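If you read the protein sequences in the order shown, they are chains V and Y. Position one of the first sequence corresponds to residue 1 (the UniProt record's numbering), numbered consecutively onward. Position one of the second sequence corresponds to residue 1 (the UniProt record's numbering), numbered consecutively onward.
Everything labelled a hint here was simulated from the structure, so no lab data went into it. Small disclaimer: the values here were computed from a predicted structure and weren't measured. Every residue, glycine too, gets a C-beta built ideally from N, C-alpha and C. Hints may be right or wrong, so weigh each one.
What the hints assert, rightly or not - Pairwise CB distance ranges, derived in the manner of DEER restraints:
id	chain 1	residue 1	chain 2	residue 2	range
1	V	Asp193	Y	Lys83	30 to 38 Å
2	Y	Glu245	V	Leu182	32 to 40 Å
3	Y	Ser234	V	Asp193	32 to 40 Å
4	Y	Lys83	V	His260	22 to 30 Å
5	Y	Glu124	V	Thr211	31 to 39 Å
6	Y	Pro213	V	Gly115	14 to 22 Å
7	V	Leu249	Y	Lys220	20 to 28 Å
8	V	Asn206	Y	Glu306	42 to 50 Å
9	Y	Gln215	V	His260	17 to 25 Å
10	V	Leu253	Y	Lys220	51 to 59 Å
11	V	Phe367	Y	Lys92	29 to 37 Å
12	V	Leu182	Y	His310	24 to 32 Å
13	V	His33	Y	Ile296	47 to 55 Å
14	Y	Ser234	V	His33	57 to 65 Å
There are 2 protein chains.
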Amino acid sequence: MSRGAGGASMAGPVVDKGADFANYFCTYAFLYHQKEMLSDSVRMDAYHASIFKNTKHFKNKIVLDVGTGSGILAIWAAQAGAKKVYAVEATKMAEHARQLAAGNGVQDIVEVIEGSIEDVELPEMVDVIISEWMGYFLIRESMFDSVIKARDRWLKPTGVMYPSHARMWVAPIRSGLGKAKLQDYENVMVDWDSFIQDTNDYYGVNMSVLTKPFQEEQKKYYLQTALWNNLHPSQIIGAPFIAKEFDCLTASLKDAASVHSSFQVELWEGQLKLSGFAGWFDVQFKGRAEDPADQIIELTTSPSAEKSTHWGQQVFLLQPPLDYECGNIIEGQLDITRAKDNHRLMDLKFTHRLIRSRDANGVLAPFTCSDFYLE
Amino acid sequence: MSRGAGGASMAGPVVDKGADFANYFCTYAFLYHQKEMLSDSVRMDAYHASIFKNTKHFKNKIVLDVGTGSGILAIWAAQAGAKKVYAVEATKMAEHARQLAAGNGVQDIVEVIEGSIEDVELPEMVDVIISEWMGYFLIRESMFDSVIKARDRWLKPTGVMYPSHARMWVAPIRSGLGKAKLQDYENVMVDWDSFIQDTNDYYGVNMSVLTKPFQEEQKKYYLQTALWNNLHPSQIIGAPFIAKEFDCLTASLKDAASVHSSFQVELWEGQLKLSGFAGWFDVQFKGRAEDPADQIIELTTSPSAEKSTHWGQQVFLLQPPLDYECGNIIEGQLDITRAKDNHRLMDLKFTHRLIRSRDANGVLAPFTCSDFYLE
Ligand SMILES: Nc1ncnc2c1ncn2[C@@H]1O[C@H](CSCC[C@H](N)C(=O)O)[C@@H](O)[C@H]1O
Ligand SMILES: Nc1ncnc2c1ncn2[C@@H]1O[C@H](CSCC[C@H](N)C(=O)O)[C@@H](O)[C@H]1O
């Protein structure tokens with residue numbers, strides 16, 4: 001609904017800027033939301049270490065911070081010795097970033113520019129692009145697109161990307177959430193039935209032609225929308241696999257636009273209920289092959305008993321869950337494409353089957369398709 | 001932020017259609033939300049009675065339903081004998097309205113048109129405009145604008161508006177919500193202080209320049225945003241007054257754009273704590289002076305012990321509440337204008353003072369201004 005009229009380009013459908021601001025950018029204009037990110041110590045520790053353990057990449061360098069938000073990364077870059085930091089931010093948060101830079105005495109180094117990175121003009125090419133662009137399951141928000149465009153336009157041929165690499169991870173999991181969601185869905189449908197009855201009895205209108213579309217709408221909402229969750233590592237029931245890897249120096253817009261990954265995972269012993277899949281990401285700060293980091297830093301959002309992040313994991317629940325035996329294999333394919341009416345959201349399709357016997361002499365089960373929405 | 005570039009017209013700032021769809025219309029595209037309205041029996045009973053107790057206004061008439069949603073009002077109009085009903089709906093819900101009309105055998109009478117009422121062309125003028133356009137405190141959503149434009153363009157000179165009249169009510173109230181909200185606000189600020197400390201200690205950045213803007217942001221969120229509530233009548237502590245009345249047949253866009261109302265209300269005995277104000281509305285279906293309704297129907301959203309609506313009341317809480325004595329008078333002025341960056345939301349200002357003595361010989365207290373946001 002929010003898509004602008006017009007044809008499709010390489011980078012996907014034409015984006016209605018007004019709708020994009022209303023849907024996407026508006027949350028970032030709140031300090032409350034910036035604070036949430038600034039309070040994520042896993043995130044903060046990783047970016048902080050990536051800069052201060054590798055000051056050689058910043059000392060006397062020209063830096064671009066794509067989406068500076070509160071300005072935190074730009075200020076760190078300045079503190080690490082940058083000659084100049086261009087800090088670009090699309091929202092009114094830019095004003096606060098400017099205040100914060102001044103409040104920390106780096107107003108002569110950090111130049112805050114309010115505008116979309118796609119639209120702004122910089123006076124020079126840069127040595128480093130730093131950005132915290134990662135959304136849920138890495139690619140939600142599609143902000144990596146903006147970083148790629150910034151790189152192609154403003155990074156010197158010898159330049160370095162912070163972070164330099166990114167990976168999407170997926171693992172089969174068990175979870176109690178599916179049962180609760182199914183119950184919610186069923187309750188809503190029971191309520192719908194009495195609504196149909198009442199509307200007919202009291203108001204003389206038969207609404208039953210809407211039952212199917214209502215069912216689909218609610219199914220999507222309760223059963224097919226990815227859930228935010230901080231999983232415990234014990235909920236993982238098979239080896240996580242990498243669904244996609246990005247080298248941030250070379251990834252193209254086309255690379256970022258979709259994921260097609262096949263998998264074959266042996267299920268571990270002891271659980272016997274496959275509830276679905278979880279997705280998360282990690283990024284690495286390795287510098288550049290010719291100019292590697294002194295110390296490689298990694299930021300991971302994987303399930304952890306000690307350290308959770310504001311990203312958590314995204315959970316995709318199969319209905320019903322699958323019973324399995326130790327050593328069974330879940331195999332299939334994950335396809336992720338952008339939502340038709342909002343390029344910052346994703347449609348996911350898990351095509352999967354459980355191979356129940358180690359030697360696959362018998363007839364294999366057919367594949368099942370499960371559709372999900374990363375909203 | 002979501003405002004389109006360009007100048008201001010009589011009807012307010014130029015509206016970015018993409019943003020308006022993303023912000024406003026999108027919720028109406030969900031059956032779940034339509035069902036919420038269809039399950040509001042106060043609303044349903046009033047519209048149902050307005051039509052079926054006054055079938056003379058519908059029998060063999062040409063009807064326009066502005067914002068038909070699920071199509072319910074259009075179908076009723078057809079059942080009441082309309083010759084033709086144009087049912088205009090901006091969202092994809094139009095498709096469901098079409099199915100529902102067919103499912104109830106009135107597909108030859110009800111013609112569903114998907115589009116903004118501002119943009120569609122009808123083949124003829126109409127005898128009746130029916131619409132359920134009322135938002136929180138009547139004017140939130142500014143959908144009355146669309147009804148006014150439809151009236152000026154499509155209603156015959158002898159035509160009738162359903163509803164025909166609308167009123168905004170305000171009353172002084174007591175409420176326990178203010179204390180809870182103040183506590184929430186204070187907790188967030190305490191948390192902010194330790195955030196400032198931690199960010200300085202661990203990450204070497206002093207965030208204290210952001211304290212004031214953060215405080216303002218949170219104050220707006222916790223203390224100045226109108227609250228949805230279903231009040232008990234006993235929470236009203238002085239006679240409700242009418243802040244604005246609309247004759248739907250003659251009201252102009254300018255009339256709908258703002259409210260300026262002065263008030264003087266004697267506070268009733270027994271409560272002694274003025275927490276703030278509540279706002280609600282009612283509408284009447286009276287027909288037209290030359291062609292009055294056979295039976296006048298009223299839909300009210302006032303506080304009631306028995307019947308609540310999905311609109312509830314909007315509550316505006318003074319911080320701190322005012323102590324008063326029986327017979328004290330609260331006087332002042334209410335000014336409502338549209339929010340600068342979203343024409344469907346409102347900014348409210350209560351300018352008020354408590355007159356503590358019946359004979360006003362002494363010096364009167366100065367006026368206090370309390371700003372609120374209807375979001
Ligand atoms: N195309 C674009 N141009 C400019 N800013 C953008 C952008 N896309 C996203 N942003 C901004 O990028 C920020 C991402 S959140 C990260 C904020 C900050 N760098 C930090 O690490 O704390 C948001 O403030 C968002 O408004
Ligand atoms: N300018 C406009 N043009 C067409 N439809 C509009 C509109 N402004 C609001 N609407 C639609 O008006 C509806 C208001 S809600 C009322 C729905 C229905 N008439 C009922 O009484 O149940 C929503 O579905 C909304 O999408």
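Hints, verified against the model:
no.: 1; hint: V:Asp193 <-> Y:Lys83: 30 to 38 Å; result: holds, 35 Å
no.: 2; hint: Y:Glu245 <-> V:Leu182: 32 to 40 Å; result: violated, 50 Å
no.: 3; hint: Y:Ser234 <-> V:Asp193: 32 to 40 Å; result: holds, 37 Å
no.: 4; hint: Y:Lys83 <-> V:His260: 22 to 30 Å; result: violated, 56 Å
no.: 5; hint: Y:Glu124 <-> V:Thr211: 31 to 39 Å; result: holds, 35 Å
no.: 6; hint: Y:Pro213 <-> V:Gly115: 14 to 22 Å; result: holds, 20 Å
no.: 7; hint: V:Leu249 <-> Y:Lys220: 20 to 28 Å; result: violated, 42 Å
no.: 8; hint: V:Asn206 <-> Y:Glu306: 42 to 50 Å; result: violated, 29 Å
no.: 9; hint: Y:Gln215 <-> V:His260: 17 to 25 Å; result: violated, 48 Å
no.: 10; hint: V:Leu253 <-> Y:Lys220: 51 to 59 Å; result: violated, 38 Å
no.: 11; hint: V:Phe367 <-> Y:Lys92: 29 to 37 Å; result: holds, 31 Å
no.: 12; hint: V:Leu182 <-> Y:His310: 24 to 32 Å; result: holds, 27 Å
no.: 13; hint: V:His33 <-> Y:Ile296: 47 to 55 Å; result: holds, 49 Å
no.: 14; hint: Y:Ser234 <-> V:His33: 57 to 65 Å; result: violated, 39 Å
Violated hints, listed in ascending order, are 2, 4, 7, 8, 9, 10, 14; each of the other numbered hints is respected by the structure.
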